[in-house]
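From first to last, the protein sequence lines stand for chains F and S. Just so we're aligned: the first sequence equals residues 1 to 279 in this note's numbering. Just so we're aligned: the second sequence equals residues 1001 to 1328 in this note's numbering.
No lab work stands behind these hints, which were simulated from the structure alone. No residue lacks a Cβ here, since even glycine has one placed at the ideal position from N, Cα and C. Check the hints yourself; a few may be wrong.
Stated by the list, open to error - DEER-style ranges, computed between Cβ atoms:
(1) S/K1110 <-> F/I223: 52 to 62 Å
(2) S/P1168 <-> F/I143: 51 to 61 Å
(3) F/I51 <-> S/D1258: 56 to 66 Å
(4) S/T1135 <-> F/V36: 19 to 29 Å
Given next are the chains, with one letter for each unit.
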Amino acid sequence: MTDAPVIAPSPALPRAAVNPGAGLWSSSAAVAGRMVRKFARTPQLIVFTTIQSALFLLMFRFAFGGAISTGGSMSYVDFLVPGFIATTCLWTGMGAATGVADDVEHGFVDRLRSLPIPRAAVLIGRSLADTALMVWALVTAAILGFAVGFRVAGSVAGALAALGLCVVFGFAFEWVFIVIGLVSGTAQAAQSISLVVTPLVFLSSAYVPVGSMPAGVRQFGEIQPLTPMVNAVRGLATGPGGEALLGHSTGYYVGVSLAWAAGIFVVFGLLAAARFARR
Amino acid sequence: MTPILQARGLTKSYGKTRALAGLDLVVQPGRVVALLGPNGAGKTTFVRAVATLLRPDAGTLYVDGIDALRRPARVRQVIGLAGQFAAVEEAMTGRENLEMVGRLFGLGRKEARAAAVRVLGQMQLTADADRLVRTYSGGMRRRIDLGVSLVGTPRLLLLDEPTTGLDPGSRSQLWDTIRSLVRTGTDVLLTTQYLDEADRLASDIVIIDHGQVIAAGTPAELKTRAGDDMIEVHVRDPGHLPAVRDVLAEIGHDPRADAAQRRACVAVDDGSSRLMDVLRVLDGLGIAVEDISLRRPTLDEVFLALTGQPAVQPAGAPSGTHTKEASS
Chain F
1 MTDAPVIAPS PALPRAAVNP GAGLWSSSAA VAGRMVRKFA RTPQLIVFTT
51 IQSALFLLMF RFAFGGAIST GGSMSYVDFL VPGFIATTCL WTGMGAATGV
101 ADDVEHGFVD RLRSLPIPRA AVLIGRSLAD TALMVWALVT AAILGFAVGF
151 RVAGSVAGAL AALGLCVVFG FAFEWVFIVI GLVSGTAQAA QSISLVVTPL
201 VFLSSAYVPV GSMPAGVRQF GEIQPLTPMV NAVRGLATGP GGEALLGHST
251 GYYVGVSLAW AAGIFVVFGL LAAARFARR
Chain S
1001 MTPILQARGL TKSYGKTRAL AGLDLVVQPG RVVALLGPNG AGKTTFVRAV
1051 ATLLRPDAGT LYVDGIDALR RPARVRQVIG LAGQFAAVEE AMTGRENLEM
1101 VGRLFGLGRK EARAAAVRVL GQMQLTADAD RLVRTYSGGM RRRIDLGVSL
1151 VGTPRLLLLD EPTTGLDPGS RSQLWDTIRS LVRTGTDVLL TTQYLDEADR
1201 LASDIVIIDH GQVIAAGTPA ELKTRAGDDM IEVHVRDPGH LPAVRDVLAE
1251 IGHDPRADAA QRRACVAVDD GSSRLMDVLR VLDGLGIAVE DISLRRPTLD
1301 EVFLALTGQP AVQPAGAPSG THTKEASS
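Let the sequences and hints guide you as you build the complete structure.
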């Protein structure tokens, strides 16, 4: 502490340096590092969502499941678990919206924006860390799935590809939640706005076959992005048995869902960047 | 010498609200400058413009000679910002927060570590360096937040209401720290709603209202500029206050009475001779006087004279913090 009683300022005032600032990669890594520490040291963030999704799974598996027909020979647990895993990335992503809104609300984003770093790094770092968290959530969801009786009917490679596809979807939806977080103003508002994904989840083929829904709802279920995503994951994880339930080949759904993911990423990535750059 | 800050005709509107309405300000290096003004005067908007967080609609703005409108990225290399909230990661230790921002400023791993050690010492947080920030007290959070903005040894440090919500002890500790920065080559621009803070911390005060600078100078200059001396009468019997007020109204202008404090005061042109007049008249009326004084106006009275509205209560007053946060 330079608290000695100095009366006159020293004649040789040190001139503060010009800070070059970190590059895109190292600043993204620093921002991501912060998020990873936050997740690791705030276990309630992860434990709570894990418990929530476990309860969800148990409810569908054991309470509602018996009344749901898969429309084929497949057991409901084999139908449900791929859908459950695919939607995990949406439930986890909601946390990103509240996290981003909280950072905006409490000046953290302003601080980062006042630093000599590429502004994109703030968003890139965030999305990388959140995607890492999503991988964790997906693995947990898969373990839960096996615990309630799910078995991979297709190839192991297919199952891994299914998980990889979920990570891609999660990364794409992450940008939707970042935009929600940036525009909502408060963490609470972000949480409420994030609930718009609920109809996407329930009006998809995640928990029940879309074919069982009344016309209108069914059409929405068929055209919205989550259904091809869930179908692709289900086809990959359950092999020919699951593919037989689908209207098209697994490859078709993989293609359609990847196109959706790319579109969502581009549109919402640009929205986030535009919102972030505005000043 | 290049001014650390040079603003000409800055304007910024949000819909119909004009947050900045042609703000002009030049600040020389080596100063602690306080922007003082009522809520919504444009203080925060101005600081955000300097921090390159928002772009003014019109006007020019130079920070340490750098054009903030054309080259905002270069301005970010020489500033530090601490906003109204402690914007630090609660799940990280004080040291980790400092090192992270050091890295973002472009320091190498080793340099960032050294900078963190330096700032921890400066902020008197060395003993608590390795505790998570979520275990810090309010005053410590403010200090680590201030510290984070100092990791890059900025030429200009921007502080938006740095002591809002702090207890008096923590406030004066933070003031000492801020004052000591100027000696290390960092100039300070801060906003405050508290007159005592501006008076005790700043070398210069800039009063802002309706998006414009309405007065600027050292605290002493501002008090002189507001002009007139004040005669203040402290009566023994509050029942006499109205009569005293009438007497004062005859002698000076803008008389005010405060029943709770049993005081009345008035601004006068020619202090010492008027003081005698007041004493004579009050004596003639048989009004007992506890105390009578001739003094310079307080910054409070300056503020009232210049903006037409009283300043807010000092920090620590129960009403202060919450209303502030809700309205910002």
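Cross-check of the supplied hints:
1. Distance hint check: the CB atoms of S/K1110 and F/I223 are about 56 Å apart, consistent with the given range 52 to 62 Å.
2. Checked against the hint of 51 to 61 Å, the C-beta distance between S/P1168 and F/I143 comes to roughly 54 Å, which is consistent with it.
3. Between F/I51 and S/D1258 the C-beta distance comes to about 60 Å, which sits within the given range of 56 to 66 Å.
4. Between S/T1135 and F/V36 the Cβ separation comes to about 20 Å, which falls inside the hinted range of 19 to 29 Å.
The earlier numbered hints are all upheld by this structure, with none contradicted.
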